[in-house]
Amino acid sequence: MVEEYDVVIVGSGPAGLAAAEVLGGEVSVCVLDEQPYAGGQLIKQTHKFFGSKEHFAGWRGIDIAEYLIGEVKRRGVELKQQHRVLGYYAEEDLVVAEDENGKLHEIRGKKYLFATGAMENMFVFENNDLPGIFGAGAAQTLMNMYGVKPGTRVVMLGAGNIGLIVSYQMLQAGIDVAMILDASPTIGGYHVHAAKVVRAGVPIRTRYTVKRAIGEDKLEAVEIVKLDENWSPIDGTEEIVEADLLCISIGLSPVIELFAQAGCRIEYVPFLGGYVPVHNKFMKTTNEKIFVAGDASGIEEASTAMVEGKIAALAMLGDLKNVDIEDRIMHEFESLAKLRTGFFGRRPKEGKIQMEKLASKYGL
Amino acid sequence: MEFVRRIVEHPVLEYEKGKKIRFFFEDREIEAFEGETIAAALEAAGVRWYRETAKYGRKRGIFCAIGKCSSCLVVADNRVVKACQTLVKEGMIVKRLRGKPQIA
Amino acid sequence: MNTPWRKDGILDNSVVSKLLPPEELRNSKAYALLECVENIPCDPCTRACPFKAITMEHITDLPQINWDRCTGCALCVMACPGLAIFIIDETTDPAKVTVPYEMLPLPEVGEEVKLLSRRGEVIGKGKVLKLKVSKNKTYAVTVEVPRERVHDVRAIRCIK
Ligand SMILES: Cc1cc2nc3c(=O)[nH]c(=O)nc-3n(C[C@H](O)[C@H](O)[C@H](O)COP(=O)(O)OP(=O)(O)OC[C@H]3O[C@@H](n4cnc5c(N)ncnc54)[C@H](O)[C@@H]3O)c2cc1C
Ligand code: SF4
Ligand code: SF4
Ligand code: FES
Chain A
1 MVEEYDVVIV GSGPAGLAAA EVLGGEVSVC VLDEQPYAGG QLIKQTHKFF GSKEHFAGWR
61 GIDIAEYLIG EVKRRGVELK QQHRVLGYYA EEDLVVAEDE NGKLHEIRGK KYLFATGAME
121 NMFVFENNDL PGIFGAGAAQ TLMNMYGVKP GTRVVMLGAG NIGLIVSYQM LQAGIDVAMI
181 LDASPTIGGY HVHAAKVVRA GVPIRTRYTV KRAIGEDKLE AVEIVKLDEN WSPIDGTEEI
241 VEADLLCISI GLSPVIELFA QAGCRIEYVP FLGGYVPVHN KFMKTTNEKI FVAGDASGIE
301 EASTAMVEGK IAALAMLGDL KNVDIEDRIM HEFESLAKLR TGFFGRRPKE GKIQMEKLAS
361 KYGL
Chain B
365 MEFVRRIVEH PVLEYEKGKK IRFFFEDREI EAFEGETIAA ALEAAGVRWY RETAKYGRKR
425 GIFCAIGKCS SCLVVADNRV VKACQTLVKE GMIVKRLRGK PQIA
Chain C
469 MNTPWRKDGI LDNSVVSKLL PPEELRNSKA YALLECVENI PCDPCTRACP FKAITMEHIT
529 DLPQINWDRC TGCALCVMAC PGLAIFIIDE TTDPAKVTVP YEMLPLPEVG EEVKLLSRRG
589 EVIGKGKVLK LKVSKNKTYA VTVEVPRERV HDVRAIRCIK
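Protein chains in written order, with this note's numbering: chain A, 1 to 364; chain B, 365 to 468; chain C, 469 to 628.
Since the hints were derived computationally from the structure, they do not count as laboratory data.
Treat the hints with care, as some may be off.
[As the list claims (entries may be wrong)] Restraint-style ranges between C-beta atoms, simulated for each label pair:
no., chain 1, residue 1, chain 2, residue 2, range
1, B, Val368, C, Lys598, 33 to 39 Å
2, C, Thr539, A, Lys53, 18 to 24 Å
3, B, Asp391, C, Leu572, 34 to 40 Å
4, C, Asp480, A, Val96, 44 to 50 Å
5, C, Leu488, A, Arg153, 33 to 39 Å
[Said to hold, decoys possible] Simulated pairs of lysine to aspartate or glutamate, EDC-like, Cα-Cα distance not exceeding 20 Å:
no., chain 1, residue 1, chain 2, residue 2
6, B, Lys419, A, Glu126
7, B, Lys381, A, Asp63
8, C, Lys603, B, Glu416
9, B, Lys423, A, Glu350
10, C, Lys628, B, Glu373
11, B, Lys423, A, Glu106
12, B, Lys419, A, Asp129
13, B, Lys453, A, Asp99
14, C, Lys486, C, Glu579
15, A, Lys53, C, Glu525
16, B, Lys464, A, Asp129
17, C, Lys605, B, Glu373
18, B, Lys419, A, Glu100
19, A, Lys338, C, Asp529
20, B, Lys453, A, Glu334
21, C, Lys475, A, Glu326
Each residue gets a CB set at the ideal place from its N, CA and C atoms; glycine is no exception.
Just chain A, with the same shape it has in the complex (with noise of 0.2 Å):
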C-alpha cells in the first residue's frame, strides 16, 4: 500500500523542520528521518546559537528543535522516525523507507524535500580506523544525548567552530580536553568559541597535525608533528600525545546519495562543501518535483537552514496551491543575504553564487 501526502520530506533537522513548520495545516506533510529522535544536529547542541531573533539567536540547538518539533506536531505533521529512506524512484513516483523491523514503506509525495544534511570527512593518516577515533559530531551525540562520556582524555583534530565547540562540550561534561590541532596557520572558527576553550586551559596549536594512532584494539595516544609553511611535517618535531579519544572535524560534506540515486544533476562546489545537487534560489533541484535545503545543499548553519527550509516550502506551496507567497519568500530571501555577510560568511554566499550559474545552466 502507497501512503500519499502533498509533501514528504526527508530529514528532521533544522532545514526540514523548519519547511514542515511553514507548510504543516496548508497541505498534508510527513517527515521521514533515520534517527531514533527528531530534530538532525540541533539535538546534540547545548551551546547557545549566534545568529539573530528570528533565527533564535541565544537558544540552545536542543531547544530549538524541541520547539520546532512541538510546533509541527500541533500543525498535524506527521514525523516518522527511525525511517530510512532508501531511495526514490521515478516510475512510480515514490520514496521507500525501510523502518527499524526492516519492513519497507512506500510513500508518495507531489512535492519531495530531502534535507538530509551532512556527514564529517575522514582525515588520512596511519591507523585511522583504531577504535576512539571519531567525528566530532559522534562525541556529541554521545555525550549530549545519552549522556555518556566518548572517551577521558583528547585530542581534537580541527579549530574550526565545530572542533571548538565539541572540545568545549567535552570540558562541561568533565572530560580533559588535552589539546586542539590545526593544520592551517590560523584558527579557522570564531575567536570568541576559541576563547572559552583557550582560556578554560586547552592550547590551541595551529600548523600541527596528526601524523598516526596508537594502539592495539583501542586508541591510547596520537603522534603528533609540526607543519612547515608549505604544510609538510618538520622532522624531530614529533611528540606523543596519551589520549583514548581523537576526534575528527576538519569539516563536513553534504549527504547527496538519495539526489544522486533519483537522478538530480550534481555538481563540485568547493565553497558549499563538495559535491552538491544543482539547485536554483528557489531550492529547486533539475526534478521538478524535488526541493533540498539545509546543509545538504550546501555546508552552513542551522539558521541558514532553516532559512532555505522555509523557501523550499513557500516555493512548494506557491506550486501546489494557488497562494500567493511572493512577499513571504521575499523576506525570507532578505533574511539568508543578511546571515551570509561578513567575513565568515563569504565562502557560502560565493559558493551559492556559483550554484545560480550552474542552476541556470541547466535552465532552473
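With chain A fixed as given, assemble chains B and C with the ligands onto it according to the hints.
Okay, now just chains B and C with the ligands, sitting in the frame of chain A:
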C-alpha cells in the same frame, strides 16, 4: 566496570533516562537504559571495538554515530545492524560482526 | 583585517586596550567590556541590555557600547553566546571582574576560586562575591581580583 563512562552531573543538561535494562555483548552482560542506542550503551560500558573487517581483520568502533559510515556494524539478535542507529532492547544478544555479514 | 588572535585564540594587550573605555570612565564605575572582535552574525547582546547601551546596525557589525548608559548589571554577560562579555570594576581595591561560567562545580559566594588568564594560566586566587544565573543556565560570577590583574583575569576554576 559498568557505567564507567556515564556523565553524572552536567552544568546545562539533564538526562532523562528510560527504564534500566540488560543486554549481552559477546559473553558479557551489560546494563543499559531503554531509549539509548546499542552504541551508546556499549560506549558507556567502555566497549570500543565492535567489529572486524572482512579483508584485513581491522578492528573497528563507531565513527560518525549518525548512520552514515557503517563502521559500527554489529549482529544484534541475528540481524546485522548499525549499532549507532539501533535502540538497545531488554535481553538483546549483540555480537561482534566478524568478516562479511551472512545473508540468511 | 589584522587578526593576530587567529593563531592561538588569545587577544593580546594591543587589541584589548582598544576595547577599553576611556580612563576617566574606568575610574568612575563598573562597565561591560566586549571582547568581541570579529564580524560574526550575532546580536543577542543588543537585545539583552535593558538600557540599550549595546547597539549594532547590521548583524555582522561589531557591537558598539555606550558606556554612559551601562550600569554593569551583567545581563549581557549571561546572554552572549560567545561568552565574550565581562564586567570590570576597577573603582575598588581589590577590583572586581564578572565572568560568564557554564561549568561544574558551581562556586558559592565567599568561596576562593582560581583566577585564570586569557591563556588559561592560573594567575592567582580570589573570593567569589556574587552569583547570578540566567534562565539558559549561564552564570555570571563576580570575583575579587588584585587591581593590577583586572585586565588579565577572564575565567575562574573551582578549587574544591
Ligand atoms: C558542533 C556543531 C555546532 C554547530 N553550531 C551551530 C550554531 O551555533 N549555529 C548554527 O546556526 N548552526 C550550527 N551548526 C550547524 C548546524 O547544526 C547544521 O548546519 C544544521 O543542523 C543543518 O541542518 P540540516 O537540516 O540541513 O541537516 P541535519 O541537522 O544534519 O539533519 C539531517 C537529517 O536527515 C536525516 N537523514 C539523512 N539521510 C536520510 C535518509 N536517507 N533517510 C532518512 N533520514 C535521513 C538525518 O538522520 C538527519 O536527522 C553546528 C553544527 C555542529 C555539528
Ligand atoms: S552590563 Fe547591563 S547595562 Fe551594561 S551593557 Fe550589559 S546589559 Fe547593558
Ligand atoms: S552577543 Fe556576544 S558574541 Fe554576539 S555580538 Fe554580542 S558580544 Fe559578540
Ligand atoms: S558509526 Fe557511522 S554508521 Fe554507525
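Results of checking the hints against the structure:
1. B/Val368 <-> C/Lys598: 33 to 39 Å: holds (37 Å)
2. C/Thr539 <-> A/Lys53: 18 to 24 Å: Given about 23 Å between the Cβ atoms, the range holds.
3. B/Asp391 <-> C/Leu572: 34 to 40 Å: holds (37 Å)
4. C/Asp480 <-> A/Val96: 44 to 50 Å: Violated, since C/Asp480 and A/Val96 (Cβ atoms, about 58 Å apart) do not stay within the stated range.
5. C/Leu488 <-> A/Arg153: 33 to 39 Å: For C/Leu488 and A/Arg153 the Cβ distance comes to about 38 Å; the hint holds.
6. B/Lys419 <-> A/Glu126: Holds, at about 17 Å.
7. B/Lys381 <-> A/Asp63: holds (18 Å)
8. C/Lys603 <-> B/Glu416: violated (47 Å)
9. B/Lys423 <-> A/Glu350: violated (41 Å)
10. C/Lys628 <-> B/Glu373: This hinted pair holds, its Cα atoms lying about 15 Å apart.
11. B/Lys423 <-> A/Glu106: violated (37 Å)
12. B/Lys419 <-> A/Asp129: holds (14 Å)
13. B/Lys453 <-> A/Asp99: holds (16 Å)
14. C/Lys486 <-> C/Glu579: The given pair, whose Cα atoms are some 33 Å apart, is violated under the 20 Å limit.
15. A/Lys53 <-> C/Glu525: Given pair A/Lys53, C/Glu525 holds - Cα atoms ~14 Å apart, limit 20 Å.
16. B/Lys464 <-> A/Asp129: holds (17 Å)
17. C/Lys605 <-> B/Glu373: holds (14 Å)
18. B/Lys419 <-> A/Glu100: violated (28 Å)
19. A/Lys338 <-> C/Asp529: Between A/Lys338 and C/Asp529 the Cα gap is close to 11 Å, so the pair holds against 20 Å.
20. B/Lys453 <-> A/Glu334: violated (48 Å)
21. C/Lys475 <-> A/Glu326: violated (45 Å)
Figure legend: structure checked against the earlier numbered hints; hints not met, in rising order: 4, 8, 9, 11, 14, 18, 20 and 21.
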